[in-house]
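**Student:** Sequence:
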Amino acid sequence: MSEVSVITCEPTTILFLNIHQVITSCSKGCSFHHALIENMVRLLSYKNLELMKKMNHITKRSTREKLLSYLSAEAQKRGSRSFSIPFDRQQLADYLCVERSAMSSELSRMRSEGLLEYQKSFFTLVEED
Numbered sequence: 313m314s315e316v317s318v319i320t321c322e323p324t325t326i327l328f329l330n331i332h333q334v335i336t337s338c339s340k341g342c343s344f345h346h347a348l349i350e351n352m353v354r355l356l357s358y359k360n361l362e363l364m365k366k367m368n369h370i371t372k373r374s375t376r377e378k379l380l381s382y383l384s385a386e387a388q389k390r391g392s393r394s395f396s397i398p399f400d401r402q403q404l405a406d407y408l409c410v411e412r413s414a415m416s417s418e419l420s421r422m423r424s425e426g427l428l429e430y431q432k433s434f435f436t437l438v439e440e441d
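Counting from 313, one number per residue, gives the positions in the sequence shown under our numbering.
Errors might be hidden in some of the hints.
In silico DMTMM-like pairs for lysine to aspartate or glutamate, Cα to Cα no more than 20 Å straight-line [claimed, not checked]:
no.: 1; residue 1: Lys372; residue 2: Glu350
no.: 2; residue 1: Lys389; residue 2: Asp400
no.: 3; residue 1: Lys365; residue 2: Asp406
Note that these hints are calculated values from the structure, not bench results. This structure is a prediction, so every number in the text was calculated from the model and none was measured.
Using the sequences and the accompanying hints, generate a full structural model.
**Tutor:** See the structure below:
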């Protein structure tokens, strides 16, 4: 059994399950058991995709490359050069594994170079000529 720490904001009940029993279909062919397995696979697939996306961003060498990778992916995902991100500055820095002050300085440089505009969590990527 692996050790996991969890902090909750309100009283919580924890359900411990035997993973072998969860991932193995029972002989009764229960529809809810099949749905549980299907949902677990879907969640694991989603989490894997999100981690792969994050790895694509954080493996870039510089803070600028990490920012451009993340912001370009967000613009593409939203289908627009103008979009909001789900992070404040500290959360974005943590997500990209960079220092917040260095990231803020790089964002300011990128703005002064005309690469992007931003206000809080709303960004616009400027088209290159």
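**Student:** Evaluate each hint against the coordinates.
**Tutor:** Outcome of the hint check:
1. Lys372 x Glu350: Violated. Lys372 to Glu350 sits at ~34 Å, over the 20 Å cutoff.
2. Lys389 x Asp400: Measuring from Cα to Cα gives roughly 19 Å; hence the hint holds.
3. Lys365 x Asp406: Roughly 15 Å separates the two Cα atoms, so the pair holds.
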